[in-house]
Amino acid sequence: MTAHVSNLGDVTLAVVPPVARFNLRIAPGDLKAASKAFGLDLPAKVGQGAHEGDRSAWCLGPDEWLLHAPEAEQGTIVDAFAAIREKVAHSLVVISDREVAYGLSGPRATELLTTGCPIDLGRIKVGNAKRTVFDYAQVVLIRDAEDEWRLEVWRSFAPHVEALLTTAQRELASGL
Amino acid sequence: MTQYRVTGRGRVDQGTPVKFSFDGKTITGCKGDTLASALLANGQHLMGRSFKYHRPRGVVTAGSEEPNALVGVTRGKGRFEPNTRATMQEVYPGLKVESQNKWPTLAFDLGAINDRLYMLFSAGFYYKTFMWPRSFWDSVYEPFIRKAAGLGKAPTEVDPDTYASRYLHCDVLVVGSGPSGLAAAMTAGRAGADVVIVDENSEMGGTLLSEPQAQIDGIPAWEWLAGAVSELDALPNVRRMTRTTAIGYYHQNMIGMVERITDHLATLPEDAPRERMWRVRAREVVLAQGAIERPLVFDGNDVPGVMMSGAAQTFLNRFGVLVGKTPAVLTSHDSAWHTAFDMAEAGAKVAAIVDTREIVDIGLQDRAKELGIPVKLGHTATATKGRLRIKGVRVNPVRAGSAGSGHWVFCDALLTCGGWTPTLHLFSHTKGALDWDADARVYLPGRKSEAVQIAGAGRGLWGIGAALDDGAKAGTDALKTLGKSASVPSYEVQKDRIGTGVFHKELPTDRSPGKAKAFVDFQNDVTAKDLRLAVREGMKSIEHVKRYTTNGMATDQGKLSNMNGLTIAADALGKEPPQVGLTTFRPPYTPTTFGAFCGYHKGAQFEVTRRTPIDSWAEENGAVYEPVALWRRAWYFPKAGEGMHKAVARECKSTRESLGIFDASTLGKIEVSGPDATEFMNRMYTNPWTKLGVGRARYGLLLGEDGFIRDDGVIGRMRDDLFHVTTTTGGAARVLNMMEDYLQTEWPDLKVWLTSTTEEWATIALNGPNARKLLAPFVEGCDMSNEAFPHMSVRECTVAGFPSRLFRISFTGELGFEINVPARHGRALWEKLWEAGKQYDICPYGTETMHVLRAEKGFIIVGQDTDGTVTPQDAGIGWAIGKMKPDFVGKRSLDRPDIVAPNRKQLVGLLTEDPKAVLVEGAQIVDDPNQPKPMKMIGHVTSSYWSETLGRSVAMAVIEGGHDKMDQTIFVPQADGAPIKAKIGTTMFYDPKGERLLVE
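So the sequence lines, in the order shown, correspond to chains A and B. Under our numbering, think of the first position of the first sequence as 629, with each following residue one higher. Under our numbering, think of the first position of the second sequence as 63, with each following residue one higher.
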């Protein structure tokens, strides 16, 4: 995946550099242990995000979290969770390569997403995330700022989503 | 100035002429005109021909309900559109329009011969006229009907335009921007709600655009309107959308709306979409769609120049066009009187106001007298004169229901009004109840099923003042459910045209009603007589009457014809309308382009095409692709001059003899993780998993509850509590869903979690006697020897420095490995192996070769050799069932009587007597080809290939009791030629002992 950038229609669209990405599944009652292993208090409410230093976590479902960390720390994090596996049942799966992430920023970034995203984006608070769809693809939308989003999508769906996003960018640029 | 344009009237820019062409003739309109208003300004009423009789037709309305004035519009290659409504198309310089359904010309059309033969084309003529002789159907009738059917010409070129889509959320969506819609939007907007207000016209205002005389709170209507619009525009929480039609009302307040973006522009801005489909989720909806004027039904009511009085008022007041200079009015409602007055004031000489009622408001009568307009009360119309344009109407006094002798009123336009029908199409989409108001004789909104308010003329109210107040109330009611409050503003309206009227069935006549061409559905040429005939022939429900006569089936979806049709049918049946029923309105509200529905899904984005990380290499190396589920997979890699057969033969040979490389990344992968992972696997799959050691792999078989094969794949045990499950390419999502379903609903107590890793890994399969030789030098952290790393094992190690899950497995029967590396490294690893593999003549192969190689080994493909009715025993893989396990999905079904019955279809191998004969997959199998037809079919071919390795064809088939028929002969009948003879045998065609897996 080339790290291309396009700047059109008041939106900058770019492929975000890779991160260490994990899917964590754990009983909500055991969240403390997981928070300790990851070094960050994991959010308890679906949609909520938590951030500390360069680590982030978002709660995507009743027992599901998306974790981000710098690439170099992937092994350390796997080890930290492996150390508690005996005592605290959970599943930590590396999905760093499963998804490709796009960054969308600019005054019309949110509007751009409404071309394919049926949920009410206005209800996602800055720092939070939602698993939803963009057109036919399942995506996770992370809101980094009022006008800044990340869209994570399974790798093989990325060309489809990217083509739609750039079409929509040109549409915004047309002014109509 | 064109002949019928009135200086100083209307909202069009009379100072900016717009030239366009109509049937090759240059016409001049004004900026702001619709095609209809521009043509009328030039005295052109004839705009089209009807569907069945090809009768000349003029425009009858000024809005989206127009049934007659349908034209073809073109703006260059691929941009031709048939059936554009002249009343909606805005003119721009260079617009090209052609009339349709005519040959050779609009004014002289040979198809109108149908009109002379109208007695042949009565209701249900399809079912009668063309019945006999039977032999005429294929050669005469059907070609005739096909040629005659349809409106306009379907476009033949690819549409170059783009169509956009948007989702939108709001508190209150207001549909319609007449007085009630504006009042609702302003009330909700002022209170801070997120409001969207839409209107299908190019500007907002609705009725206000046609009634400039009214004064709202002392301000002239248009000035008030401008103020309202700028107030709405100033509110940041209000979005105002014109040229946007709400086409459908779906569940939970989802409204579909189509915005026309470029159809009114002279030049198309780059990348601008032609239309945009909005999918709006509104917490509250206010429907302020107004009412549609109902035509009167009498002989000759379809001649060009006969039109709705409200349309004439709109053409005059909004567009500054007199539709005639000596118009007559025929009405059963007060509103048409005002049209007559407006036209008289604008300089027309109104020939007469003919009202069916005997008693009419005295104020109206006085005003007519002041303007010198002759008035005839208690009259009917019984005929019209003129063919391409009306010349006169025959009117008769009515006494006690019967028409007296008639006389002619000469006119150049006849403005009719049969009352007003509340527009409830969108409300009807919600399945809300429509209640019959027996006094007003209209359907009104009843019980609601969505969060919706209906305001204004849409619920039978009349007059601008009433509409404003009702709209404001609807806005307040919507706010209330949103938890917001506002005081209801009230409006003081002067010069309001409060009116009343009555509805009729077809008007009484002194002539033979059987000869009257009194049209109810203009576009589909349905007359009152047709409807009565349908009832006489036994149609009792309006649904049957509609289908028998085609009344209401035109592109206006019965907006003008439904209520008249119902009234006449009910009268013929001697019942009240609600007892006869009301046909259902369905989305879209008005004709909608396919493009708007397709949106961005065209060309490469028509559907998702999933690509693997190695896809780009395959493309660069000339792969031919095949679609598998949503993926595109390399099918085969032809070299110059090779077809599929040759390429596959070469790929098979290279792999068996030395080394093949295959992209297996599309295989589904699921991480099954948690302390109860083994228990979960034991319950899901037929196989036993408890004793499978860490680092070992096993073929897993998944059944449905019915005991039939659903999916399969190799499963590796990575840890005590972690399995790497693989599924078929097409089954990946289905299997994960099925597992989640069981986990969440049946076994929520199990501590195990499922995560899809299909896309985390790129998977490269190496097969062939040289596979290990190529791979071993790249591997670190795994002893590659036969002893340390036996067949059906898995290791975590590195390959070419990439972290890897390395399987030793084989779907070809050769020594085989599957290397999983993080997806981003997939192509890099492939290229390294490719380079190094050249010493072994490494050959990339595609899915076709994979299929052949596995068939030579008798490995099944779920979905090809199984069809959802095949059990493990049927497929000959009963060994995959853990006999000692207490339970697994499908276990109990395997004991059902019909599952254990003898003579089930079982999977066997087939070898044709002629080794060169390759059977057709799907071909039926019989015991005895000489038995009488229909023959008893005992099974069918599931897989069949040419095997280059064996120098002959091989096939698999399911055959009744096949496992007990080894060495028996069967036949495969052919469409042409002798049946092919074949012998039943094992499916293991190649290396039955599996020695090739163990090559050092």
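Note that these hints are calculated values from the structure, not bench results. A virtual CB, placed ideally from N, CA and C, is assigned to each residue, including glycine. Any given hint could be a false lead.
Unchecked claim - Below are the DSBU-like pairs computed for lysine-lysine, each with C-alpha atoms no more than 35 Å apart in a straight line: (1) A:758 x B:637; (2) B:546 x A:715; (3) B:664 x A:758; (4) B:953 x B:900; (5) A:758 x B:510; (6) B:978 x A:673; (7) B:945 x A:715; (8) B:978 x B:1043; (9) A:715 x B:510; (10) B:546 x A:758; (11) B:493 x A:758; (12) A:660 x B:813; (13) A:715 x B:978.
Claimed, not checked - Which chain B residues stay away from chain A? Per the calculated CB distances, all over 12 Å, these: (14) 215; (15) 253; (16) 324; (17) 334; (18) 335; (19) 341; (20) 643; (21) 671; (22) 795; (23) 808; (24) 1012; (25) 1028.
As the list claims (entries may be wrong) - Simulated DEER-style distance windows between Cβ atoms: (26) B:1041 x A:798: 57 to 65 Å; (27) B:757 x A:658: 45 to 53 Å; (28) B:472 x A:798: 36 to 44 Å.
>> When the structure is checked against the list of hints, which entries are broken? Sort them ascending.
In response: Hints 1, 2, 4, 6, 9, 13, 16, 17, 18, 19, 21, 22, 27, 28 are the ones this structure does not satisfy, whereas the remaining hints hold.
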